[in-house]
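A.B. asks: Protein chains in written order, with this note's numbering: chain A, 1 to 178; chain B, 1001 to 1178; chain C, 2001 to 2497; chain D, 3001 to 3497.
Warning: the hint list may mix true and false statements.
[Said to hold, decoys possible] Okay, derived cross-link-like pairs now, BS3-like style, lysine-lysine, Cα gap no bigger than 25 Å in a straight line: (1) K2455/C / K3027/D; (2) K2375/C / K3043/D; (3) K2423/C / K3004/D; (4) K77/A / K3452/D; (5) K1077/B / K3043/D; (6) K3310/D / K3217/D; (7) K3329/D / K2329/C; (8) K2250/C / K3329/D.
Quick caveat, the hints were computed from the structure, so don't treat them as lab data.
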Amino acid sequence: MESSNVWVMTEYKIKNIDKTGHAKIIKQISTMEYLVNINNNEKIVNILDVSEDYIEFKLDNVYHVARIIERSTSEIKILIDDVSIVLNTNYGLNEIVYKNSGGSITDSQINLISQIPGKVISVKINEKEEIKKGDIVCVLESMKMQVTVKSHKDGLVKKINAKTGSTVAKNDIIAEIE
Amino acid sequence: MESSNVWVMTEYKIKNIDKTGHAKIIKQISTMEYLVNINNNEKIVNILDVSEDYIEFKLDNVYHVARIIERSTSEIKILIDDVSIVLNTNYGLNEIVYKNSGGSITDSQINLISQIPGKVISVKINEKEEIKKGDIVCVLESMKMQVTVKSHKDGLVKKINAKTGSTVAKNDIIAEIE
Amino acid sequence: MIKKILIANRGEIALRIIKTCRVLNIKSVSIYSDEDVNSLHVKKSSESYYVGSAVPAQSYLNQKRIIELALSAGADAIHPGYGFLSENSDFAELCEKNNIVFIGPSSDSMKLCGDKMECKKIMKNAQVPTVPGSFDLVQNVETALDNANNIGYPVLLKSVFGGGGRGIRLVNNDNELRNAFELATKESMTAFGKSALLVEKFLPKIRHIEFQLARDKYGNTVHIFERECSIQRRHQKLIELSPSPVVDRKVRDEVGQLAINAINAVEYSNLGTVEFLRLDDGTFYFIEINARLQVEHPVTELVSGLDLVKLQIDIANGEKIPFNQSDLKLNGCAIECRINAENTFLDFAPSTGLVKDVSIPSGPGIRTDTYLYPKCTVSPFYDSLIAKLNSWGQNFEEARKRMSNALGDFYIQGIDTSISLYKTILNSPEFIHGDLSTDFLDRFDILDRLEKNIKNEIIEKQDAALAAATLHSLLYRTKININYKQDPNWNHQMYGL
Amino acid sequence: MIKKILIANRGEIALRIIKTCRVLNIKSVSIYSDEDVNSLHVKKSSESYYVGSAVPAQSYLNQKRIIELALSAGADAIHPGYGFLSENSDFAELCEKNNIVFIGPSSDSMKLCGDKMECKKIMKNAQVPTVPGSFDLVQNVETALDNANNIGYPVLLKSVFGGGGRGIRLVNNDNELRNAFELATKESMTAFGKSALLVEKFLPKIRHIEFQLARDKYGNTVHIFERECSIQRRHQKLIELSPSPVVDRKVRDEVGQLAINAINAVEYSNLGTVEFLRLDDGTFYFIEINARLQVEHPVTELVSGLDLVKLQIDIANGEKIPFNQSDLKLNGCAIECRINAENTFLDFAPSTGLVKDVSIPSGPGIRTDTYLYPKCTVSPFYDSLIAKLNSWGQNFEEARKRMSNALGDFYIQGIDTSISLYKTILNSPEFIHGDLSTDFLDRFDILDRLEKNIKNEIIEKQDAALAAATLHSLLYRTKININYKQDPNWNHQMYGL
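Okay, chain A solo, but in the shape it has when bound:
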């Protein structure tokens, strides 16, 4: 029973609020019922339904539904009762940098990525130009709305991929800014 102590005590980093929490399964009471320790409080979990990407349960008699949106070895993205929470299994070794999901989006330090598909209405910067974080890079049209794409950093415009009149897909690189 103690051979698999991975799940016996797990410490998580709750990304969205930059806090840690821990959870431990103390014992299985019956087929569908567990005694757990969550942040030092003992609670009873009744599992109502479960599948590979879904778990419905009661925690101290209150119903919850958790949809597992993404799961890797170190990160779990959960939609719990319609609230999105990202948990990192925190081994105390490498601190995971908290990134604000609002504002502009980067997949590296250089590439400015489009979050939406759309048509490029106008490009506001030129290659070789120095720009500031927050400067408007281009304007996209999607769903009858104009959406401005802003620079995610200060830097030199190395390359502009977006051309006026062309369309960009989600996750396309709009520009490279060094």
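Fit chains B, C and D to the supplied structure of chain A, relying on the hints for placement.
C.D. replies: Showing chains B, C and D alone in chain A's frame:
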């Protein structure tokens, strides 16, 4: 192209109304569009969506959705726009006997089958007794309602499986009547 | 003030009560049996507790366990919904003893409403007309004959141990009555060891019309208009509407006042319903008081604008009814269809199991109260009512058309339902003209018409079915499914079998 | 009499129109682009025709093709919905030329409503107050200065080539106006080769209040109460309600009469909306006439009981409005939330793609108009409005609470929506107290509050998330999924890793 003439012309028996009809695919107009002949009328079918048990299409510009409920080599049970239709592929060899789906239900000439799960409230016949079609065999309780099970034929009661106070599952044999 | 309500029920009515609790910031506690672990009322309540096994006696009728759960959860009130414990005066008393507010009438008043003979006597004193007949059990055949000749033949000889249409005999003259009396006494003695018979006037072609009543703890009483519930099968309501096509303002005022007198006479508190029979000549006879929230309360909510569950809670809290009779205005027309899980052609036998898919109607004038969701299960242990479809319109015809269309939009895959039956009823000329009676289904051979309608639908859909079967055969045989859309070579594949 | 209507639109409004067609036994013809092959309006209409590629110009704006389809399908009328061709007077004219009834005003009347300057002049003659400012384009800086001094600073200098907040300058004195005039002229000349400027009074903290109007072909006009649409972002309405918290009966009568005068002045026929700005001191100024059915028409339907699409069709049929102003009674309160597919924190950027699952709220006082169904797709080619959630209550507070709960019941998986934003707005004390204005979101830092609310929700749900993650890890690692329920040995398997 003519190697698979199975689908080129098919005659069906429409069980529920005891009629025959035929359908023929004349040609494929485009990827999603066919010219068909249905009961001697040419019509255009536009396929909107299709999967193994589902087909959404327009027939002469009117939308239909067909759910394939059951499919064997000789019979197709379709729910079309919420209307249930059973079609037999009719090879002109063996006539399929039309059975009325209302009234009492049999899976052979002997067995009287329960269509619903329930608790047996009372049994109204005895073994070795001669009974008539429509005689009450037993009373079941299900969903707070009492449901009478009637004999599907005239005959001699060979065996009664239902006992007062016991429960029967759907498709259980209630009695054997010879 | 009530802060936390345990709902001693399940299904759509538990969900209905939860919705009002949320509007009032009251916490809701639900209970569930083994069958209901994945039911929607568990998911939508503030807290939920396991109450027992599937059999109602072990769960939703388990008084002791429910009281224990209410106490341990800190619920200060219990809402019984309808059915189950809702008209059980012992349970109401048990709540009172445990200082839990029972949301309904007092146990004493409920007891009176439940005793049909006693209630009938009280109505006589309150000058509320009841069905002509004996006010006591008839002990011998002479009393029965006296009664029958007093009220006039034909009469019904009823055993009080019957119920739901059983143990009732129609007799036309003295001779028939003598014979029937002897048979009925013998039958009852054999079955129950005792006999108790009643004589009642036989009433042909009757309508079932009921008034929604509210009475607070200070004796203020209002009626919230009538509902006509004449469309029935086996004495169970199928379709209800408000207003009734045969009740005008004058009748509403008069019979509404009778209903008020009736409920005052039993010192009722909270919401209740006074049921009447109406004869073709316009006579109304009191039948009984339903001491609970009714299944069909939404039609009253739609024409009055009131939240009746809120009104129940307010009255239980000791509040005064915040309006007078004259403040209430009947607005438009509402119809309810009780969607049952049953096979109309198998003698309305229950249909249970997995609901593979469901699509719930919505839009202008449509309200759906249901516990269904895709992939849920309909249990054989409980009532066959799975949804209540309500429509509202400025007038009966608009409500009727909206209902008719909404029935067409209500898609439930995996079980049989009464939806097709209701489409046939809603589109019958007799329903359209308001020619309703409790024997409507038999009188107009509705099941035969339904069968014809289904055949006509099949004829209408046959071309589409043939097209679907042929094209599906093609796609099925070639094992090309939905993915073919992405394949530019699909055209060739299809012919290269 | 109209027998067959082509609906030149898509999404929820196409479905809304189909529902009324079905109630009136009118056949509905829908059109669809490549993007909409699997859309609900195709499935629910009597017939449907492919109209063109995804780009609106090729499909829902393709006038010639739409007229062709209407003629070949035998449609005798076209309903334009809102957006797309609904306010295109050329299209209305094209319908007229082809003897197809355009369900809306005449092309002449529509043209007048569309010409803002002309319309403003007509309102001046009809004594309907407009925003103080020039009635003509200001040709030179002297006229601009005259105008500004007449109405008093601060004023807005507007370019007629702007729109949606662009090309507007706020100026506080003569000096600023001189500079702004020069800059604006230069800018406009560079961009458009011509310049056309207006001076208008700057109005801080304004409410957007509009009146629903109906006018038949015989000049009978009624207003069907007001809607307050002050909750906006980027001049786009988010939440609408009726009645407005600042409109009492007296104001309703007075401003309603102004609205009637306005619509009479342009000889409007059919349903239309007269929009006003309201200042904090209670002054109302006419802005414009919306010559179509509005997105937010359901709130008016809920408080009036009318079917506004039916009323449109009746008027288009040449019928008289079947009621007078005094017949209309405002009943209760209704609120609408426009559910948009957008990411609030990405500057309201559209969110498109597959809707994996959806669960649509229903129950007392809730109406949902939507084209969503499980596994449908939200296209980037069209408007981000995916659903309109409406609530009705006896009063504002009941409607608000019902809406707040229904927002919680509206589950849409796969795309981002504005539902969370609306929960924050609906539960803000300023909204509860009716302190509305078009800058509500900025004035009360609603996005910051939303961010805080989301953080609080995460804190509240963290224990459940930790429990879910831990238990799911256990079950995921052991590859025991839903089937374990049937396995009596499951207990042992779990520990025998």
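A.B. asks: Now, for every hint given, state plainly whether the structure supports it.
C.D. replies: Hint-by-hint comparison with the structure:
no.	hint	in the structure
1	K2455/C / K3027/D	holds (23 Å)
2	K2375/C / K3043/D	holds (23 Å)
3	K2423/C / K3004/D	holds (23 Å)
4	K77/A / K3452/D	holds (20 Å)
5	K1077/B / K3043/D	holds (22 Å)
6	K3310/D / K3217/D	holds (15 Å)
7	K3329/D / K2329/C	holds (11 Å)
8	K2250/C / K3329/D	holds (23 Å)
In summary, this structure violates none of the numbered hints.
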